[in-house]
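Position chain R against the provided structure of chain H, taking the given hints into account.
Going down the list, the protein sequences come from chains H and R. Sequential numbering from 1 applies to the first sequence in this note's numbering. Sequential numbering from 1 applies to the second sequence in this note's numbering.
There could be a bad hint or two in this list.
The list cannot tell twin chains apart, which means a pair is met if one copy fits it or any two copies do.
[What the hints assert, rightly or not] The calculated SDA-like cross-link candidates involving lysine to any residue, where the alpha carbons are at most 25 Å apart (straight line), are: (1) Lys140 <-> Thr492; (2) Lys140 <-> Trp316; (3) Lys194 <-> Glu122; (4) Lys512 <-> Tyr494; (5) Lys237 <-> Leu137; (6) Lys237 <-> Asn185; (7) Lys237 <-> Asp190; (8) Lys512 <-> Ala390; (9) Lys139 <-> Gly315; (10) Lys173 <-> Pro214; (11) Lys16 <-> Trp316; (12) Lys139 <-> Pro311; (13) Lys139 <-> Pro178; (14) Lys319 <-> Pro575; (15) Lys134 <-> Asp190; (16) Lys116 <-> Asp203; (17) Lys401 <-> Glu97; (18) Lys173 <-> Lys237; (19) Lys173 <-> Gly21; (20) Lys258 <-> Thr523; (21) Lys140 <-> Leu272; (22) Lys173 <-> Gly112; (23) Lys173 <-> Ala15; (24) Lys258 <-> Ala27; (25) Lys140 <-> Gly315; (26) Lys461 <-> Gly315; (27) Lys134 <-> Pro311; (28) Lys237 <-> Arg187.
Keep in mind the hints are simulated off the structure, nothing from the lab.
Number of protein chains: 2
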Amino acid sequence: MTAERWLAKFAAALAKNDIDGAAALFAPGGFWRDLVAFTWTIKTFEGRAEVKAMLAAVLSNARPSGWTIRGAPSSDETWFTFETAVGRGLGHLRLREGRAWTLLTTLQELKGFEEKAGRTREWGTEHGVLPERKSWLEKKIDRGNALLSGERQPYVLIVGGGQGGIALAARLKRLEVPALVVEQNERAGDSWRKRYKSLCLHDPVWYDHMPYIPFPDHWPVFSPKDRIGDWLEMYVKVMDLDYWTSTKCVHAAFDEAKQLWDVELNREGRLLSVKPTHLVLATGMSGMPNMPQIPGAESFKGRLVHSSTHPGGEGWRGKRCVVLGSNNSAHDIAADLWEHGAEEVTMIQRSPTVVVRSEMLMEHAWGKLYSQAALEAGISTELADLTLAATPFRLLPQMQKPVYEEIRKRDAELYAGLDRAGFRTHFGEDSSGLHSIYLRRGAGYYIDVGASQMIIDGRIKLEHGTIDRLSENAVVFSGGKELQADLLVCATGYGSMNGWAAKLISKEVADKVGKCWGLGSDTKYDPGPWVGELRNMWKPTQQPNLWFHGGNLMQSRHYSLYLALQLKARLEGIPAPVYYLDPVHHLE
Amino acid sequence: MTAERWLAKFAAALAKNDIDGAAALFAPGGFWRDLVAFTWTIKTFEGRAEVKAMLAAVLSNARPSGWTIRGAPSSDETWFTFETAVGRGLGHLRLREGRAWTLLTTLQELKGFEEKAGRTREWGTEHGVLPERKSWLEKKIDRGNALLSGERQPYVLIVGGGQGGIALAARLKRLEVPALVVEQNERAGDSWRKRYKSLCLHDPVWYDHMPYIPFPDHWPVFSPKDRIGDWLEMYVKVMDLDYWTSTKCVHAAFDEAKQLWDVELNREGRLLSVKPTHLVLATGMSGMPNMPQIPGAESFKGRLVHSSTHPGGEGWRGKRCVVLGSNNSAHDIAADLWEHGAEEVTMIQRSPTVVVRSEMLMEHAWGKLYSQAALEAGISTELADLTLAATPFRLLPQMQKPVYEEIRKRDAELYAGLDRAGFRTHFGEDSSGLHSIYLRRGAGYYIDVGASQMIIDGRIKLEHGTIDRLSENAVVFSGGKELQADLLVCATGYGSMNGWAAKLISKEVADKVGKCWGLGSDTKYDPGPWVGELRNMWKPTQQPNLWFHGGNLMQSRHYSLYLALQLKARLEGIPAPVYYLDPVHHLE
Chain H
1 MTAERWLAKF AAALAKNDID GAAALFAPGG FWRDLVAFTW TIKTFEGRAE
51 VKAMLAAVLS NARPSGWTIR GAPSSDETWF TFETAVGRGL GHLRLREGRA
101 WTLLTTLQEL KGFEEKAGRT REWGTEHGVL PERKSWLEKK IDRGNALLSG
151 ERQPYVLIVG GGQGGIALAA RLKRLEVPAL VVEQNERAGD SWRKRYKSLC
201 LHDPVWYDHM PYIPFPDHWP VFSPKDRIGD WLEMYVKVMD LDYWTSTKCV
251 HAAFDEAKQL WDVELNREGR LLSVKPTHLV LATGMSGMPN MPQIPGAESF
301 KGRLVHSSTH PGGEGWRGKR CVVLGSNNSA HDIAADLWEH GAEEVTMIQR
351 SPTVVVRSEM LMEHAWGKLY SQAALEAGIS TELADLTLAA TPFRLLPQMQ
401 KPVYEEIRKR DAELYAGLDR AGFRTHFGED SSGLHSIYLR RGAGYYIDVG
451 ASQMIIDGRI KLEHGTIDRL SENAVVFSGG KELQADLLVC ATGYGSMNGW
501 AAKLISKEVA DKVGKCWGLG SDTKYDPGPW VGELRNMWKP TQQPNLWFHG
551 GNLMQSRHYS LYLALQLKAR LEGIPAPVYY LDPVHHLE
Chain R
1 MTAERWLAKF AAALAKNDID GAAALFAPGG FWRDLVAFTW TIKTFEGRAE
51 VKAMLAAVLS NARPSGWTIR GAPSSDETWF TFETAVGRGL GHLRLREGRA
101 WTLLTTLQEL KGFEEKAGRT REWGTEHGVL PERKSWLEKK IDRGNALLSG
151 ERQPYVLIVG GGQGGIALAA RLKRLEVPAL VVEQNERAGD SWRKRYKSLC
201 LHDPVWYDHM PYIPFPDHWP VFSPKDRIGD WLEMYVKVMD LDYWTSTKCV
251 HAAFDEAKQL WDVELNREGR LLSVKPTHLV LATGMSGMPN MPQIPGAESF
301 KGRLVHSSTH PGGEGWRGKR CVVLGSNNSA HDIAADLWEH GAEEVTMIQR
351 SPTVVVRSEM LMEHAWGKLY SQAALEAGIS TELADLTLAA TPFRLLPQMQ
401 KPVYEEIRKR DAELYAGLDR AGFRTHFGED SSGLHSIYLR RGAGYYIDVG
451 ASQMIIDGRI KLEHGTIDRL SENAVVFSGG KELQADLLVC ATGYGSMNGW
501 AAKLISKEVA DKVGKCWGLG SDTKYDPGPW VGELRNMWKP TQQPNLWFHG
551 GNLMQSRHYS LYLALQLKAR LEGIPAPVYY LDPVHHLE
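For reference, chain H alone in the conformation it holds in the complex:
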C-alpha cells in the first residue's frame, strides 16, 4: 500500500468512526505521536491497543477530515495536512510493509484564530478621520500602564524571560493572547550574558532560530553568548512583547474558586500582584542550580561558586583552580581558566561523560536537518523541526546507535587519548549517544570544542573521587588526598524544573506535578516506567493552569507553538478536552 492509499483508507475509517479499522492500519508495533491535534496534549501511542483507546476517547470531538498529501510522497513516506473540528494540522507518515510504522499529527492553527500574517497582517494605520486617534506608541504606552496598574490582567504570566519565555510570548502575541513575561535580570538576554565569558552556543545556528525572525545568513555558526543576548533583547523589542525586566516572581497560588493565579511580583523593588489565568514556568529546563553542600566550605579561603555564577577565567592567572564536574560547562570553564593563565586547572570527574566533537555532531547528527546543506536542499527550519518530531522517542536510541558507532570509529584517536588520560567516556548505557542522554537527563555530555585535547595533553589535570571536605586552601578527597585550590567551581548542574514550582508555588503543587523532563527510559537519573514524552513539558500537568516551558533553542521554538495553541484555545473557549495527564513521577 502506498502512503497516498494508506492515508485515504485511514481518513475513510476515521470518517465512519471505524476505530478498529483505523487501528488495523498500524503495524502491530506502530506509533502515533500526537502534538495537541487529537489529544490536546503531547503523547505518543505505541501499538494498536493504545491507538484504539485514544481514538475511542477523542474521535467524536476531533472529527478529523480533509486529509491531503503535501508535496511529493515517496512510496512509504509522506507529509500531509488535515483538519479537526477546530483546527488545521500537519502530519507525517512512515509505512512499513503497507502499515503505519510511525504517524505524526500536529496542530498548526485554530480555525478562525489564525495568526495575522502575510495577507492578513495589520494595516498599521487607519486611513480616514478618527477624532482623538492614538498613535501606535501611545497605545503601547497605555497598554503598558494598564498592565502596571492592574487595570489590565495578562491571561498568561510567563515566569522567566530567556529564549523559552520569549519564544512563547512571541507566539502568544501573534495569537492575540494577552501575556506578560517577567524576567529577574535587568535586560532581556542577560540569562546568556551573565554566564561564563567564553560560552558560545554548542548547537549550530540552523538549530537556533527564534520563531518569525530568523538570524540573518551571516550569523555565526556557534553564536557567542553576548550576541545571543543582544538578539533576544532586540527580539523582545521588535516583537513588541509585554516584558518586565528586573522583576522576580515572589509567590504564586492558584485560586480554585476564581480559577485564577494570585501572583506576587517584585518589580524593581516594588511589590505588585497580578492575576493571570495561566502560569507558565519558563525558568530554564535546567531548574535551579545544584550546589553541593561541602563540609568546611565556610573555612575555605579560596572562592567557591556554582558554574552559573562563575564569570570567567579572568583574574585567575597564576592561581590553582578546580572544577567539579565533567560536562559542558565544566569543560568550557576549565579551558577558559587555562587560557587565562591559571597555574593549575584540575577537573574532578565523578561519572563518565558522553563526549562528542562538535564537528562530528554537525556532520553526523544535525547535518541532515540543521545545516546550510539541508537549507539549500529545501529543508526549512519548520520542516526540520517537524521531521525531528516525526520520530517517536522510543525509536531514537536504535537510530542513534549506528551514528555513534561511526563517530567512535572516526574519532578513535580522541577516545583512546581520553582513555589514556584517565577520562572516562561512554555513549550512555545503551550507547545511543548525546541526543538520548539530553532527553533523559538534560545533562551528562560534553560537545567537544577543544578541551578534550587539553585533558589528553595534561593541560587540564584530572581527578576522580568524592570530595570529603574543604580545608582552608585545599579540596580534600575521601581518600585523604589534598588538592590545593584558590578556586572551586561547582559545575554540578541543575535540578528539575519542578524545583521552581516548589519554590514559587508550594511543595504540594510541586509534588502533585512531579518531576519535569525525562522519558522514563529506566536509565541512570531517568527511572521508569516509560512515558515516551518529556514529562510535564509544554502540555497540561496535574496542576490545572500550570505549564512548563523550556529546553534548548530548537525546543523553545518548536514546542512553543503547541503550548501557545493550547493557551489560545482556552482563552477563546474552544473545547480542548485533554485525553491524558502524565502520572506523577518520583517526587522530590
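For chain R alone, kept in the frame of chain H given last:
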C-alpha cells in the same frame, strides 16, 4: 532573435572587442543601464552612439565573460548573470524586434571579496586552545575603544544614521569595510521617532525591508514611525555596527596630500577628530529643512515651526492652526490637528499637488512588485528591486501615464471633490504621476490616507496665495486677507543634499559637486539638461572621496549595495576606473 540568442551574440561580440557589433545589437533608441558593473558609476546610455563610446572606454578593463541565462527566459526578456575581470553581475534584457530595447547590468559582488554568508559565515567560536583568548564581547569593546581613541580609523565615515546610513553600514560590515556611522540623535531610529506623532510610512511593508533582516510577516502594511524607529535601533545592534549616537559632524575637510578626510565630530559634547578615507553624507535625501523667512515672525505670538520639528496635534485643542504647504507632511499634520480637536485647521496651498490614494498606489503602482501577491508569485524583494532598476528613467513617464489615467478614472469622485473644494491637483507636467515627481523633485505629492476627504468636507479649510507677513496673531496674505493663527506649521520641504555639503564641508565643495537628486527632466524644480540618473546619488562625485546616499527605504536598501561595492573596491585596491562624472548642475 530570442533573448538567449541575443545574449550569446552580445557575449561573442564583447569577447572579440567588436564594439560596433555589440552596439548594433541594440535598437536604435535602445538603453543600457549600468549599475557599477562596467562603468564604476551609475549611468544609463541612450542609443548606440553612447553605448559605443562607453564600451570603447571600459571594455578592456571590464573584460566581461560567462554570460548565462538565469531562470526561464521568455522570447524577448530574460535575467542573466555575467562576470567582469573583478566581479560577478546580474542583468536583465528586454528585446524589441530582436534588438535590445533595454539592457541592465549590475555588479553584485567582487571576486575574492564575497560577503561571508551561508556556507562561508564565521564559525563564531574558535575551537582549540588559545591562550588569552578574547570573547566576542571583549573584542567588540576593544574595537569600540580603539575607534574612540583614534587608534583605529574608519575607512568610511557615514554622516547620518537613518535608514540610508544604516543600510550602507550593514553592507559595509558584511564586506568587512571599516565604517563608522555618526548620528546626532540620542538613539538610532530617532530620525523617525521625532517626527509628528501620526506619521506612518506611506509606502507598504514589502517596499521597506532593510537588507539581510526582512521584517517578519506580521509587520503592518504601513509601519507607524515609532515602530520603524525601534526596528532600526535593533538593526544597528544586531548587525553589530559601529554607530555613535549623540554625535554631530561639525566640519569636514579633504586633505588632498594625504587623501584623507579630516573630520571634526562632537560626541556627547566632546570634540573628536577622525580621519576616514571616504565621507558619505547620508543626512536624508531631503537635505536641510526649508524654513521660509516670513516678515513679522518675531512679533508673532503663536507658535511657528517647520514640519520637521512639529511634534503632533496634541495641545492644540480649540486653537486655530495653519499649515503652509500641501504635500504629504502638510496633509498628515493638518488631519492630525483636526483629530486632536483644533478649532480651525487651514492648509495654504501654493502650487498643485499630485494626490493619489494609498489604495490606488498599492493596486496599480507597487502591487506588481511589492505586495503579498508579488511575494507569493516568487518575486523576492531583491528581484523586485532589480526589476524596477531594469526600466531606464527615460521610459518611466510613458509607462506611468496609463496607470494614472486609470487612477483618475477610478477615483474620479475624489478628484472632482477636491476640485470643488478648490484644492488643485495634477499628475505632473506630463501627467506621469507620483513616481516621476518623486524622482524629479523628491516632493510635490500626497499619498492620500484620508485627509483629502477632510478637505472635500471642509473640515480642513483651504487658502491659496502668498503669505505677506505675520501679525501678532494672524497670517496676513499679500492681498491683505488675515487668517487668525495660534500655530503656523511650515510644511515647506527640504533643500538639496548638497546643502549639507556646504554646511559640513564648504561652499566650494558644495558648488563643485552641484545639486543632488533630480533627473534633468526639464520640468519645474528639475531643470535640464537630461542626465538620466539621480544626480550625485550613490556614485562618484566631482569631489573625490565624497559620496551621497539616501532616499526612501527601497532606495536605501538597493542602492547601498552599489555604493558599498564601490567603497570595497577602493579599500582593496581593485581597479575601479570611473567612466563618467555628472557635470555640475545649477549651483546653489
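Hint by hint, here is what the structure shows:
1. Lys140 <-> Thr492: neither (43 Å within a copy, 31 Å between copies)
2. Lys140 <-> Trp316: Cα proximity of Lys140 and Trp316: across copies only (23 Å, versus 47 Å in one copy).
3. Lys194 <-> Glu122: Close across copies (23 Å), not inside one copy (37 Å); limit 25 Å.
4. Lys512 <-> Tyr494: Within one copy, since 21 Å is at most 25 Å while 68 Å is not.
5. Lys237 <-> Leu137: For Lys237 and Leu137, both the intra-copy (13 Å) and inter-copy (21 Å) Cα distances are at most 25 Å.
6. Lys237 <-> Asn185: both (16 Å within a copy, 19 Å between copies)
7. Lys237 <-> Asp190: both (15 Å within a copy, 15 Å between copies)
8. Lys512 <-> Ala390: neither (30 Å within a copy, 67 Å between copies)
9. Lys139 <-> Gly315: Classified as between; 18 Å across copies, 48 Å inside a copy.
10. Lys173 <-> Pro214: both (17 Å within a copy, 19 Å between copies)
11. Lys16 <-> Trp316: neither (72 Å within a copy, 68 Å between copies)
12. Lys139 <-> Pro311: Answer is between: at 17 Å across copies they meet the 25 Å cutoff, but 40 Å inside does not.
13. Lys139 <-> Pro178: within (15 Å within a copy, 40 Å between copies)
14. Lys319 <-> Pro575: Classified as neither: same-chain Cα gap 62 Å, cross-chain 54 Å, threshold 25 Å.
15. Lys134 <-> Asp190: Answer is between; shortest inter-copy Cα gap is 19 Å, intra-copy 33 Å.
16. Lys116 <-> Asp203: Between. Shortest inter-copy distance 20 Å satisfies the 25 Å Cα cut-off; intra-copy 31 Å does not.
17. Lys401 <-> Glu97: Cα proximity of Lys401 and Glu97: one copy only (24 Å, versus 65 Å across).
18. Lys173 <-> Lys237: Cα proximity of Lys173 and Lys237: in one copy and across copies (12 Å, 23 Å).
19. Lys173 <-> Gly21: Intra 41 Å, inter 61 Å, cutoff 25 Å: neither.
20. Lys258 <-> Thr523: Neither. Shortest intra-copy (42 Å) and inter-copy (71 Å) distances fail the 25 Å Cα cut-off.
21. Lys140 <-> Leu272: Cα proximity of Lys140 and Leu272: one copy only (20 Å, versus 38 Å across).
22. Lys173 <-> Gly112: within (16 Å within a copy, 44 Å between copies)
23. Lys173 <-> Ala15: neither (35 Å within a copy, 58 Å between copies)
24. Lys258 <-> Ala27: neither (47 Å within a copy, 80 Å between copies)
25. Lys140 <-> Gly315: between (45 Å within a copy, 20 Å between copies)
26. Lys461 <-> Gly315: within (20 Å within a copy, 71 Å between copies)
27. Lys134 <-> Pro311: Close across copies (14 Å), not inside one copy (45 Å); limit 25 Å.
28. Lys237 <-> Arg187: Close inside one copy (11 Å) and across copies (14 Å); limit 25 Å.
The structure fails hints 1, 8, 11, 14, 19, 20, 23, 24 (numbered hints given earlier, in ascending order).
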